[in-house]
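2 protein chains.
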Amino acid sequence: MTNAPTKKHRVTVVGSGNWGSAISKIVAENTKAHPELFHPEVKMWVYEEEYQLSPNHPAYDPAKHSQPEKLSTIINTLHENVKYLPSIPLPENVIATPNIRTAAEDATILIFNVPHQFVFNICNQLDGSCLPYARAVSCIKGVDVTPDGVSLFSDTIGKRLGIYCGALSGANIANEVAAEKFSETTVAYNPPIGPTKDYPNGLVEVPADLPAVDHAFLKSLFHRPYFHVRVVSDVAGVSLGGALKNIVAIAAGFVDGLGWGNNAKAAVMRVGLLEMRKFGKMFFADSCKSATFTEESCGVADLITSCNGGRNHKCAKLSVQKGKPIEEIEAEELNGQKLQGTSTASEVNEYLKRRGLEAEFPLFTAVHLILKGEAKVENLPDLIETL
Amino acid sequence: MTNAPTKKHRVTVVGSGNWGSAISKIVAENTKAHPELFHPEVKMWVYEEEYQLSPNHPAYDPAKHSQPEKLSTIINTLHENVKYLPSIPLPENVIATPNIRTAAEDATILIFNVPHQFVFNICNQLDGSCLPYARAVSCIKGVDVTPDGVSLFSDTIGKRLGIYCGALSGANIANEVAAEKFSETTVAYNPPIGPTKDYPNGLVEVPADLPAVDHAFLKSLFHRPYFHVRVVSDVAGVSLGGALKNIVAIAAGFVDGLGWGNNAKAAVMRVGLLEMRKFGKMFFADSCKSATFTEESCGVADLITSCNGGRNHKCAKLSVQKGKPIEEIEAEELNGQKLQGTSTASEVNEYLKRRGLEAEFPLFTAVHLILKGEAKVENLPDLIETL
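So the protein sequences, as listed, match chains X and A. Its first residue numbered 361, the first sequence is counted upward by one per residue in my numbering. Its first residue numbered 361, the second sequence is counted upward by one per residue in my numbering.
Keep in mind that the hints are not guaranteed to be accurate.
The list treats identical chains as one, so a pair stands whether inside a single copy or across any two.
Heads up, simulated SDA-like pairs for lysine to any residue below, C-alpha to C-alpha not over 20 Å straight-line [as the list claims (entries may be wrong)]:
{"id": "1", "residue 1": "K641", "residue 2": "A651"}
{"id": "2", "residue 1": "K579", "residue 2": "L743"}
{"id": "3", "residue 1": "K579", "residue 2": "T746"}
{"id": "4", "residue 1": "K579", "residue 2": "D742"}
Quick caveat, the hints were computed from the structure, so don't treat them as lab data. Just so we're clear, the structure is a prediction, and the values are computed from it rather than from any experiment.
With these hints in hand, go ahead and build the complete structure from the sequences.
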């Protein structure tokens, strides 16, 4: 007979942008809902900054808020991330924590939700402060593609910190999730058993006095009535979906810019979905499952969401309609932010070209060529035709 | 050494609505493009009616067109189906033929493209007039679901006429295809070898002096630079996709009517896609392939098109927005035409209920209950939640 665990998991969210805050809200609702598994308190690491509360904010009090304050203080007082997720009440058990090492040091579950360009630096700051048996989940969209290979942020985090890291990705526009509009997501978690290349000494086991971290546990951590979760084992597929769909969203934007109609858009999305899957199967043969792309929220559903809206689709559409390079539209429309799809298209093309595989991915290749001005949008059907 | 075929196929399209005319156009372009396989002439059966050409038509000549004329005469003179596919030039090798038996009697390839309620009557008219070795393809969307079983129109046609019938279905809004806007489709063809239950004497073989009717041949018949074709063997899957997607389109319309956003819509589409596939696998286990639903134009792409537009989606959305039963919206919006999704939802539910399987298809069941007023749209997430 197994003894029931006597301890509980402590959860920390590393990141407090709009998606990080939305995930903190969900997780804090669940730590309260499942007291048998979790300490209620969820620490949320906040990159500290000074913030001046607007006099229009309903909680504004001139006696308290006339000067800029620390963002973490405002979050812990008003229970709202007034800067990055305004107007959404956060549960009071979300505790904004400006020191990243303090935030992480007693966490048995770490959820990473930061812009991808900050991952390396954050791991450097965290180095040595995590519990050796902590488990992590990366909500960071995308993968790191260089001509030499494709690396997953979950792997980067896991290797750098010496802990195991899974992934979460889905059709998840953060503001819709935060507003409790119905959404689904996919969580991937598949820790290795025994020593592996990445974990030569094997993973440090989760102590027996803590609840086991398995698929059912992760569902309890993330699933809400308005945020349905499926947990799978394919970390590579879940991570790749969130990156490669942006290439397809650009193609869908091109087609919408031309006014080609619903058939054409659906066709481009179908072809793109199969290329996403083929890429996964070709380069992560050991782990990538077909079903992750064609059945899960992180695959087909995220693709649908991204092709019906989102900045990659929008900028590609405008670029065709206005007859301008997409970089110009990006500068006009995104207020300094960068399109992920254009860089992913270029990185993926570089990777494929080096392996002589461009022809195997006609849609990815066509998007890259069109973005470079070396092919015409109007020729997309010819470029992806298979005879 | 095999002798090259000395004869050529003759193609007839049974039907001349907007989709029938668009398919006739495509097929006639291909009979000209592949003279080694086909006689160029494509007969198109036209349900004869009198039609008064508008004085605004560019070809209107008061000396010729002041009185109503036979529609078949107008089509053969102006090379345009002025009533059902106006403004689209038809190739001159499309020959409108008002007598259905004359249209079919020398055809080696019959393409059925009529409204589904006319299938039985048309087969009765054709009985005994088809070549025994003719092959057919049904472009009729949907399936015939009764509490006793699901029958495919392709099977109904094939059995009634004693010939083999495959199917064509995809993300194909007819007017977009006719305007040569890029589209894809799926053709399914899998004639039995030897005697079967449906063909106790086996199929009559296509004579050796005719080109073989195989997947490559069917691609030559339907594929165009603007209409990409994939040929598969799963006739049941291709046919089911075109019917079941209408239930999902209603769910997507509900979600859009509530203004729930892109995440929710993508979630409902993903759940619906998997229920479509499950239905196919459960009831056509021998033949239905998973991939037909998740990978082909007739599955995921047609679903996407139908959830981004189309009458089922539109009426469901308006019904939520206006707080009216969908039947009222149908009467207001469709000018006497009927929604397929509502009847399919009810027929599929009847079929599932009799087998005690409603809980296995929570989205299909939820749509039916909402349409009947026995569940609320707002509860859709709860109704489809799996714990």
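So, going through the hints one by one against the coordinates:
1. K641 / A651: both (11 Å within a copy, 16 Å between copies)
2. K579 / L743: Classified as between: cross-chain Cα gap 18 Å, same-chain 42 Å, threshold 20 Å.
3. K579 / T746: Classified as between; 11 Å across copies, 41 Å inside a copy.
4. K579 / D742: Between copies only: 16 Å across, 44 Å inside.
Violated hints: none; the structure is consistent with every hint.
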